[in-house]
Every structure is written in structure tokens, then in C-alpha cells.
Amino acid sequence: MKFQLIEQVIRENGFPQLIQYFCKLADVSRSGYYNWLKAEDARQKRAQKDEADYEIIKKVYTQRKGKVGALPIKMILENDENIVMNHKRIRRIMKKYNLVCKIRRANPYKQMAKATQEHKTCENKLKRQFDQQEPHKVLLTDITYIYYAKGQKAYLSAIKDGATREILAYYLSTSLKMDIVYTTLDQLMKREDFTPHPECLIHSDQGIHYTHPEFQKKVRDLGMDQSMSRRGNCWDNAPMESFFGHMKDTIDFKTCASVLEVRLAIEEYIEFYNQERYQWSLQKMTPVQYRGHLLAA
Numbered sequence: 000m001k002f003q004l005i006e007q008v009i010r011e012n013g014f015p016q017l018i019q020y021f022c023k024l025a026d027v028s029r030s031g032y033y034n035w036l037k038a039e040d041a042r043q044k045r046a047q048k049d050e051a052d053y054e055i056i057k058k059v060y061t062q063r064k065g066k067v068g069a070l071p072i073k074m075i076l077e078n079d080e081n082i083v084m085n086h087k088r089i090r091r092i093m094k095k096y097n098l099v100c101k102i103r104r105a106n107p108y109k110q111m112a113k114a115t116q117e118h119k120t121c122e123n124k125l126k127r128q129f130d131q132q133e134p135h136k137v138l139l140t141d142i143t144y145i146y147y148a149k150g151q152k153a154y155l156s157a158i159k160d161g162a163t164r165e166i167l168a169y170y171l172s173t174s175l176k177m178d179i180v181y182t183t184l185d186q187l188m189k190r191e192d193f194t195p196h197p198e199c200l201i202h203s204d205q206g207i208h209y210t211h212p213e214f215q216k217k218v219r220d221l222g223m224d225q226s227m228s229r230r231g232n233c234w235d236n237a238p239m240e241s242f243f244g245h246m247k248d249t250i251d252f253k254t255c256a257s258v259l260e261v262r263l264a265i266e267e268y269i270e271f272y273n274q275e276r277y278q279w280s281l282q283k284m285t286p287v288q289y290r291g292h293l294l295a296a
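Numbering follows numbering that gives the first Met the number 0, with no gaps: position 29 of the sequence shown is 28.
Please keep in mind that the hints were generated in silico from the structure rather than gathered at the bench.
Quick caveat, the model's predicted, so the values are computed rather than measured.
Worth double-checking, as some hints may not be accurate.
Stated by the list, open to error - Dumping the calculated SDA-like pairs for lysine to any residue here, alpha-carbon to alpha-carbon at most 20 angstroms:
id: 1; residue 1: LYS124; residue 2: LYS189
id: 2; residue 1: LYS247; residue 2: GLY150
id: 3; residue 1: LYS136; residue 2: LEU293
id: 4; residue 1: LYS119; residue 2: LEU221
id: 5; residue 1: LYS48; residue 2: ARG88
id: 6; residue 1: LYS23; residue 2: TRP35
id: 7; residue 1: LYS119; residue 2: PRO195
id: 8; residue 1: LYS136; residue 2: ALA295
id: 9; residue 1: LYS189; residue 2: ILE269
id: 10; residue 1: LYS57; residue 2: LEU76
Stated by the list, open to error - Quick list of simulated restraints, FRET-style, between CB atoms:
id: 11; residue 1: GLU267; residue 2: VAL8; range: 58 to 68 angstroms
id: 12; residue 1: PRO212; residue 2: HIS86; range: 17 to 27 angstroms
id: 13; residue 1: PRO197; residue 2: ASP130; range: 10 to 20 angstroms
id: 14; residue 1: LEU294; residue 2: ALA256; range: 39 to 49 angstroms
id: 15; residue 1: THR254; residue 2: ARG91; range: 16 to 26 angstroms
Beta carbons are placed, not taken as given, at the ideal position from N, Cα and C, and that holds for glycine.
Start from the sequences and build out the full structure, keeping to the hints where you can.
And the structure:
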């Protein structure tokens, strides 16, 4: 800032008689400089207050491992510390000191589903009974967003076997049109080793894709029944959420320059996950090995 530079030069070199000259050189008014000087005490007090509030905010931020934003911090301070602080001030100080909330960005697919009138929901028939020890009996499905390159977005639809944990089908798209779920179902039915169990149940959230009449008809035509999580309860589809979470923790999608690179990275990861990733809950087998184990039993 020009005023600050003038003050620094005068203070360090002792040239108070040259204030007018320096102001002219910096193309600022002398009155403006004097007004800036008068406000110095207020600026210092504000900086000290910011520093003190920063320590308070940082304490909560650290306790919650960086997974809180301005509004949660405001509520925590009021309820736990009896400290009232405006959320806009908290947000400004967090920005000033680079305290960034580490929570993943909201899934735009789920935001769209929430904002849109559902067509027809189904009851939660699965009730978290994910592993029924029979392949192709319980199918879990969901859509997740993927940010790659410089803020570009793609969407991954996948179907997971509840018993074997195997990813049976998936489809990556840059669009959230209904084709994303139709193509995923088509990929599933194209598998030579897949035959729906007589009591096959496909479970999802209450997103607009799964409540759509055409999707529900397609599911019925394939001989499957449909189940849905309770609204806002991610635990009702926990294995699917878990897979997406581990995948995002493993793949650094920001290094992918194109959707093709994203697709190749996902293909490689799912191949590894199905064929090579041993899981303790699968008797220390991979999903493909465990499928063979169940079918041979």
C-alpha cells in the first residue's frame, strides 16, 4: 500500500519534511496520508483482535481436525465456550489465516436430487443386510462426482455385489442424464458370468435417477426388486459409499488432464480392487476369489 510505503521510508530514514514530496511521488494526497496515519491505532487494535479470535477459532478447527466451517465453529463456540462471534467474522478470519475446511465438496448429483421432485420412492427392503452370502442377490448402486484437471467434473455410476464386494459394472460420464444409470445396468447384463439371483434386490439412495419411472421399469423387466435408503441416511448404502471414498483417496484425479485419463485410472483401480485387493471381511480373499469361494460352497 502506498501510504504504508511512505510511512516506512520516513520512519526508517527520518525525512518528515519530505512527506509532501513522497505523496506527490506516489500520486496520493497528503490529507489522505494523514487520515491513514490517524487510523493506524484502529488498524492495530483490529489486527490484535483478529489475532486473539484466530487463536480461539484455531483451537476448535484443530480439535475437529480441520473438518469444520464457519457456521459449525460459531455453534460450537456458543454452546461449548459461551463465546458469541459473528459467522461472517469467523469466515473472514479463516480466510485471512488460511484455515480451509477439509470436508469434501457437496455432491452436485445429490444436491440436484434434493432440489427435484421425486417420482416414486421405494421402501428400504434391504435394511443394511448387505452380505447375504449369495452372489448376485444384493446389488448396491450409486453415483459419485469426480473433479479432475482444473475443476472439471465427471460422474461415476457403479454397481457393487453386497456379498462379494465386487464391482460388477460401472460407467463414467460427463453428464448426469439418465443414460448414466441405464448404461450401467446394460454393462451389468452384458457380463457372461452374471445371472440375477431369483430374489435379486438392487439398492440405491432416493436420487432422481432411481426414482425415475423408466429406471424402475427397466429394473422390473430384468427380474429385480428395488430397495432405497431412507432419506439422508448414507449408512443404508455404506459399502457403496465406502468404495467411492477409498477410490478417491487412492487416485489423485486432479492430475488427470482429460476424462479419458480419469476413465483409465478408474479402470485400473477397479481391476486392482476386484482381482488383487485382499479384504479381511472376505476371509482375506479378493472379491473375485470370494465369489468363487461362495459359489463352490
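Here is what the structure says about each hint:
For the suggested pair LYS124 and LYS189, the alpha carbons sit about 26 angstroms apart, so the restraint of at most 20 angstroms is broken. With a C-alpha separation of about 15 angstroms, the suggested pairing of LYS247 with GLY150 holds against the 20 angstroms cut-off. Distance restraint check for LYS136 and LEU293: the Cα-Cα separation of roughly 12 angstroms lies within the 20 angstroms cut-off, and the hinted pair is therefore satisfied. In summary, the hint linking LYS119 to LEU221 is supported, as the alpha carbons are separated by about 19 angstroms, within the 20 angstroms threshold.
Taking the CA atoms of LYS48 and ARG88, the gap is near 11 angstroms; set against the 20 angstroms cutoff, the hint holds. Distance restraint check for LYS23 and TRP35: the Cα-Cα separation of roughly 16 angstroms lies within the 20 angstroms cut-off, and the hinted pair is therefore satisfied. Taken as a hint, the LYS119 and PRO195 pair is broken in the structure, with Cα atoms around 23 angstroms apart against an allowance of 20 angstroms. As the CA atoms of LYS136 and ALA295 are separated by approximately 16 angstroms, the hinted pair is consistent with the 20 angstroms bound.
Using a Cα cut-off of 20 angstroms, the hinted pair LYS189 and ILE269 holds, with the two alpha carbons roughly 17 angstroms apart. Restraint check: the Cα-Cα separation between LYS57 and LEU76 comes to about 11 angstroms, which is no more than 20 angstroms; the hinted pair holds. Distance hint check: the CB atoms of GLU267 and VAL8 are about 59 angstroms apart, consistent with the given range 58 to 68 angstroms. A beta carbon spacing of about 42 angstroms between PRO212 and HIS86 contradicts the range 17 to 27 angstroms that was offered as a hint.
Between PRO197 and ASP130 the C-beta distance comes to about 18 angstroms, which sits within the given range of 10 to 20 angstroms. Taking the beta carbon of each, LEU294 and ALA256 are about 41 angstroms apart, inside 39 to 49 angstroms as hinted. Checked against the hint of 16 to 26 angstroms, the pair THR254 and ARG91 fails, with Cβ atoms roughly 32 angstroms apart.
Hints 1, 7, 12, 15 from the list above are not met by this structure, while the remaining hints are.
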